[in-house]
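Enquirer: Please model the complete structure; the sequences and the hints are all you need to start from.
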Amino acid sequence: MSPSRKLPTRRGKDLDITFDGRVVPCHEGDTVAAALLVAGIHEFGTTRDGDPRQPFCNMGTCFDCAVTIDGRPLIRACITPVRNGMDVTSTKGY
Amino acid sequence: MYDLAVIGAGPAGMAAALAAADAGLNVVVVDEQIRAGGQIFRQPPIEFPDAALKPTAGYGWAIELLERFENHEDIEHLTSTTAYGVLRDRDTDEISLKLAVSGPTVSGVISARRLLIATGAYDLPVTFPGWTLPGVMTAGAVQSLLKSQHVLAGEDLVLAGSHPLLVVVADQLVAKGARVSELAFARGIPGPRELVAARRAIPGHTDLLAESALAVARLVSRGVKVSTRTIVTGAFGDRAVESVELARVDRDWKVSNRRRRREASTLVLGYGFSPSTELARQADCRMVWSSPKGGWVVAHDERMESSAPGIFVAGEPTGVAGADQARAEGHLAGLSIARELSAPRTPSGATFAAADKGVSRAEQFSTVVQTMFEPKREALATLATPDTIICRCELVTRTSVDATLDDNPFVSTASAVKLQCRSGMGPCQGRYCEGTIGALVANARGTSLAEAGHFTAHLPVKPVPVEALTRLDQVDS
Amino acid sequence: MKSSFDVVIVGGGLLGCAVAWMLAREGADVLLVERDQVNQHASGQNAGSLHFQLEYRMIEKGIEAAKQAAEAMPLHLEAARLWAGLAEEVGEPLGVVQRGGLMLAENAAQASLLETKAEIERSWGLDVDVLDGNEVRTIAPYLSESVVAASYCPIEGKADTRTAGPTMARAAIRLGATVRTRTAVTDLRRNGSSWSVTLSDRNSGESPRAQTVTAESVILTAGVWTTELGNMLGGYLPTIPLALTMTVTAKTEKFIPHLVQHAGARLSLKQSLDGNVLIGGGWPARLVTHANGTPDFSVRPELLRASVAGNARAATAVVPRVGPLPALRTWVGTTTVTPDQLPLVGPVPGAPGAFVATGGSAFTLGPSFAQVLAELALGRKPGIDLTPYDPSRYERGVGVS
Chain Y
1 MSPSRKLPTR RGKDLDITFD GRVVPCHEGD TVAAALLVAG IHEFGTTRDG
51 DPRQPFCNMG TCFDCAVTID GRPLIRACIT PVRNGMDVTS TKGY
Chain V
1 MYDLAVIGAG PAGMAAALAA ADAGLNVVVV DEQIRAGGQI FRQPPIEFPD
51 AALKPTAGYG WAIELLERFE NHEDIEHLTS TTAYGVLRDR DTDEISLKLA
101 VSGPTVSGVI SARRLLIATG AYDLPVTFPG WTLPGVMTAG AVQSLLKSQH
151 VLAGEDLVLA GSHPLLVVVA DQLVAKGARV SELAFARGIP GPRELVAARR
201 AIPGHTDLLA ESALAVARLV SRGVKVSTRT IVTGAFGDRA VESVELARVD
251 RDWKVSNRRR RREASTLVLG YGFSPSTELA RQADCRMVWS SPKGGWVVAH
301 DERMESSAPG IFVAGEPTGV AGADQARAEG HLAGLSIARE LSAPRTPSGA
351 TFAAADKGVS RAEQFSTVVQ TMFEPKREAL ATLATPDTII CRCELVTRTS
401 VDATLDDNPF VSTASAVKLQ CRSGMGPCQG RYCEGTIGAL VANARGTSLA
451 EAGHFTAHLP VKPVPVEALT RLDQVDS
Chain L
1 MKSSFDVVIV GGGLLGCAVA WMLAREGADV LLVERDQVNQ HASGQNAGSL
51 HFQLEYRMIE KGIEAAKQAA EAMPLHLEAA RLWAGLAEEV GEPLGVVQRG
101 GLMLAENAAQ ASLLETKAEI ERSWGLDVDV LDGNEVRTIA PYLSESVVAA
151 SYCPIEGKAD TRTAGPTMAR AAIRLGATVR TRTAVTDLRR NGSSWSVTLS
201 DRNSGESPRA QTVTAESVIL TAGVWTTELG NMLGGYLPTI PLALTMTVTA
251 KTEKFIPHLV QHAGARLSLK QSLDGNVLIG GGWPARLVTH ANGTPDFSVR
301 PELLRASVAG NARAATAVVP RVGPLPALRT WVGTTTVTPD QLPLVGPVPG
351 APGAFVATGG SAFTLGPSFA QVLAELALGR KPGIDLTPYD PSRYERGVGV
401 S
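Chains as they are written, first to last, in the working numbering: chain Y, 1 to 94; chain V, 1 to 477; chain L, 1 to 401.
Simulated from the structure, these hints should not be mistaken for lab results.
These numbers were taken from a predicted model, which means no experiment stands behind them.
Be careful, since some hints might not be right.
In silico BS3-like pairs for lysine-lysine, Cα to Cα no more than 25 angstroms straight-line [claimed, not checked]:
{"id": "1", "chain 1": "V", "residue 1": "Lys254", "chain 2": "V", "residue 2": "Lys225"}
{"id": "2", "chain 1": "V", "residue 1": "Lys54", "chain 2": "Y", "residue 2": "Lys13"}
{"id": "3", "chain 1": "V", "residue 1": "Lys54", "chain 2": "V", "residue 2": "Lys254"}
{"id": "4", "chain 1": "V", "residue 1": "Lys376", "chain 2": "V", "residue 2": "Lys293"}
{"id": "5", "chain 1": "V", "residue 1": "Lys293", "chain 2": "Y", "residue 2": "Lys13"}
{"id": "6", "chain 1": "V", "residue 1": "Lys357", "chain 2": "Y", "residue 2": "Lys6"}
{"id": "7", "chain 1": "V", "residue 1": "Lys176", "chain 2": "V", "residue 2": "Lys254"}
{"id": "8", "chain 1": "V", "residue 1": "Lys225", "chain 2": "V", "residue 2": "Lys357"}
{"id": "9", "chain 1": "Y", "residue 1": "Lys92", "chain 2": "L", "residue 2": "Lys67"}
{"id": "10", "chain 1": "Y", "residue 1": "Lys6", "chain 2": "V", "residue 2": "Lys176"}
{"id": "11", "chain 1": "V", "residue 1": "Lys293", "chain 2": "V", "residue 2": "Lys254"}
{"id": "12", "chain 1": "V", "residue 1": "Lys254", "chain 2": "V", "residue 2": "Lys376"}
{"id": "13", "chain 1": "V", "residue 1": "Lys293", "chain 2": "V", "residue 2": "Lys357"}
The calculated label-pair distances, taken between Cβ atoms and stated as ranges, are [claimed, not checked]:
{"id": "14", "chain 1": "Y", "residue 1": "Tyr94", "chain 2": "V", "residue 2": "Lys357", "range": "50 to 60 angstroms"}
{"id": "15", "chain 1": "L", "residue 1": "Ser392", "chain 2": "Y", "residue 2": "Tyr94", "range": "49 to 59 angstroms"}
{"id": "16", "chain 1": "L", "residue 1": "Ile139", "chain 2": "Y", "residue 2": "Gly71", "range": "21 to 31 angstroms"}
{"id": "17", "chain 1": "L", "residue 1": "Ile139", "chain 2": "V", "residue 2": "Ile95", "range": "43 to 53 angstroms"}
{"id": "18", "chain 1": "V", "residue 1": "Ala450", "chain 2": "Y", "residue 2": "Tyr94", "range": "46 to 56 angstroms"}
{"id": "19", "chain 1": "Y", "residue 1": "Pro8", "chain 2": "V", "residue 2": "Ser227", "range": "44 to 54 angstroms"}
{"id": "20", "chain 1": "Y", "residue 1": "Pro25", "chain 2": "V", "residue 2": "Ser348", "range": "48 to 58 angstroms"}
{"id": "21", "chain 1": "V", "residue 1": "Met1", "chain 2": "L", "residue 2": "His290", "range": "46 to 56 angstroms"}
{"id": "22", "chain 1": "L", "residue 1": "Asn292", "chain 2": "V", "residue 2": "Glu302", "range": "51 to 61 angstroms"}
{"id": "23", "chain 1": "V", "residue 1": "Met1", "chain 2": "Y", "residue 2": "Gly71", "range": "28 to 38 angstroms"}
{"id": "24", "chain 1": "V", "residue 1": "Ser227", "chain 2": "Y", "residue 2": "Asp14", "range": "52 to 62 angstroms"}
The beta carbon of each residue, even a glycine, is placed where N, CA and C say it ideally should be.
Expert: Dropping the structure here:
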């Protein structure tokens, strides 16, 4: 799958988050989901069978974008704005 | 204690809040999204310099509505806050409504004399092999990423669906430089006779359908293959979408064996919408089945009050009908509540008459669109093959659901299937599998979709930490 | 459907389905009727606890009340024995796990209560040990430092409340039982030496169909509808409906192998085989009533804020790791308790050939209730002395507080 891409419009100021330890540069105002998609991250988590998941609805109803943020599980990346230094980890299904 | 708590800051919620606040009530609006607008007017973040909404043609009124809403002194808007249930205290003779909320600035209950549920809708789930693969997204997802995040999801897209919105999305994507290889429409494009009939039903109204026809022409001229009587039957790939399968269907959307594959990295689905009614169900509002209106919708009277005393409803939860009707219903609901609570500036009879007319006018158009684009639910339910995951959260396959029905002949409702095989018991609370489960039950038992019933909704209607529940008995947040 | 059976069982929860299986196994011709769906009500809505120690609700009223409640112990011990072998007997899993149960104390008074309770329980033959705080945290490291002692019973645990009833129903059907759902009982009367049961079948979708069947015996396994059915039969079966609240979390790593309860608070905590944490313990919900004040069981009870919050607090106080877990659902199930806290098990007074079981821990006691009912219906002497649970004690005024 090809990564999503940002349209050439102006955004908020630069900042960084991490995803599974990897630095993901993004902008103030980005949602975590958009930032990760644009960075080419195809798997926001895996199910207990090991299958990958990524945003499906982008509006907070499907939970396929759910990640762990700063230690809190099941946070919907699609409705969560990035903050500088945010520590995002992928969801491991049970 | 607020006079009115509104859940949802889309067109219905905003219109209701404004009507009530203009009448002098104190209003709080709770919404999970970062900004007001709901899904249809999902705004870019304020941190983006180009933070203004650029609504689709025909919705120019949205800008003014948003501006008035965001600047109104008597409306408190709690963003990124989940309203997760309705509780009732009955210590005195009056019912005291308590809205359970969890968010960055407030966690506990909000007391209000009246509630308005304006929770919108979500893209209709369609279950086929591979629908859980990364790269499969809803039309709403792709559109919101585009409009509110200025992000183009994927580069090599196939769009499949049946709802006119899909054509609008395709048009927007191509205009921004996306490569859309095919737009597969389940029915035919509405012909001249249908369009004329639609026009007659809606004299003087914006003709979204004619716009769609123009959009289709634009797409074709840009090299997009537009196919009709075609639905998606599969998405394939190792750990993301690499190809999709499309099939010819008959008038009833029954799949023929004329199938073909094409490469794609993103599959966009636009088969319609399901009303978001979990909060209404949790609050024990009576539900009614209406397939053209989106399935299970919330019953209400002419004042927009539901069957639960003190709880009103407006917008898509009453029937998927679009933003014009949502605004009209929200406006009417706000006025009704203001009158009922003897607001300082109670609206006049003339204002009410105009509001009623507004709803009727909007209804003329929406019923036409609903009938024209009603999804063929039973046919869509047959797309799932034995290995297809029906419940995305609990990973329940079609085989498992069929076995549940076969092994337990005494099971005859969607809820009983849910209890037995766990479909619907995950974080999405059954939103993405209820329709399919209902259709499979109806099919197996020879009953109607209405008789198969819906899932019960429970507090919290969206997951919240157990720790948040400990705040529910606070005196007041 | 034919119109004559050996036994009609009214109520398709775990208990009714288990009786149906036990009777079918003995060659009886059984009809099980259920007004809604199998396992839809209390059976499918409880916490799934297999608890044999005296619960908080029994000891909170003092030692004498606890001693009285302990008279149900023979039923508990028999239930523990039956649960352990049931899955193998029916040939399908029931999610039974018996890795031990803990009842926690967070202060000295509660710890002392544990000792007294344990004495009573041991006198009935229950294996229970009182452990100090450190010993407890060795076997249960997930417990908070506030736990100062706990009583441990190795045979306690859980079963899968979601699927146990339907599993027993399928087992009964395999052995020839007839199961009808969406079928209510509208009349029950004696007709010579047999029972005439009038049914109202809602399956056709239009207006309900009425049908009358006859049977030699009628068994009431109907939970909150017991009293109403008793009235139909002319027998006084007093029950008090109790709406109780449950909460379940999203799945997480398995870390709670035990059934956890509390000596000084309403709390039951366990983790399902799938990894969800189930929180309960007897927090009440508000029953909805008809205009005349009688409970309306067709409408779900309303949540009480104090209960949902109190239950969550009780859980997170002793297992802090539960706090951040996402809660997915809170729901209410309505069970029955009797005026004296002891179950109601035995022949329905004044109704020869009619038998009943309900009261309190009917999920835990399901198999032993079922066994006794089957024995009674087959005309055999039950293996347990049913005197303390005799339904006629209310008519005679015995043992009623």
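Enquirer: For each hint, tell me whether it holds in the structure or not.
Expert: Results for each hint:
no. : hint                                        : in the structure
1   : Lys254(V) <-> Lys225(V)                     : holds (22 angstroms)
2   : Lys54(V) <-> Lys13(Y)                       : holds (22 angstroms)
3   : Lys54(V) <-> Lys254(V)                      : violated (39 angstroms)
4   : Lys376(V) <-> Lys293(V)                     : holds (13 angstroms)
5   : Lys293(V) <-> Lys13(Y)                      : violated (43 angstroms)
6   : Lys357(V) <-> Lys6(Y)                       : violated (43 angstroms)
7   : Lys176(V) <-> Lys254(V)                     : violated (34 angstroms)
8   : Lys225(V) <-> Lys357(V)                     : violated (41 angstroms)
9   : Lys92(Y) <-> Lys67(L)                       : violated (48 angstroms)
10  : Lys6(Y) <-> Lys176(V)                       : holds (11 angstroms)
11  : Lys293(V) <-> Lys254(V)                     : holds (22 angstroms)
12  : Lys254(V) <-> Lys376(V)                     : holds (9 angstroms)
13  : Lys293(V) <-> Lys357(V)                     : holds (20 angstroms)
14  : Tyr94(Y) <-> Lys357(V): 50 to 60 angstroms  : holds (54 angstroms)
15  : Ser392(L) <-> Tyr94(Y): 49 to 59 angstroms  : holds (50 angstroms)
16  : Ile139(L) <-> Gly71(Y): 21 to 31 angstroms  : holds (27 angstroms)
17  : Ile139(L) <-> Ile95(V): 43 to 53 angstroms  : holds (47 angstroms)
18  : Ala450(V) <-> Tyr94(Y): 46 to 56 angstroms  : violated (35 angstroms)
19  : Pro8(Y) <-> Ser227(V): 44 to 54 angstroms   : violated (32 angstroms)
20  : Pro25(Y) <-> Ser348(V): 48 to 58 angstroms  : holds (56 angstroms)
21  : Met1(V) <-> His290(L): 46 to 56 angstroms   : violated (30 angstroms)
22  : Asn292(L) <-> Glu302(V): 51 to 61 angstroms : violated (31 angstroms)
23  : Met1(V) <-> Gly71(Y): 28 to 38 angstroms    : holds (35 angstroms)
24  : Ser227(V) <-> Asp14(Y): 52 to 62 angstroms  : violated (43 angstroms)
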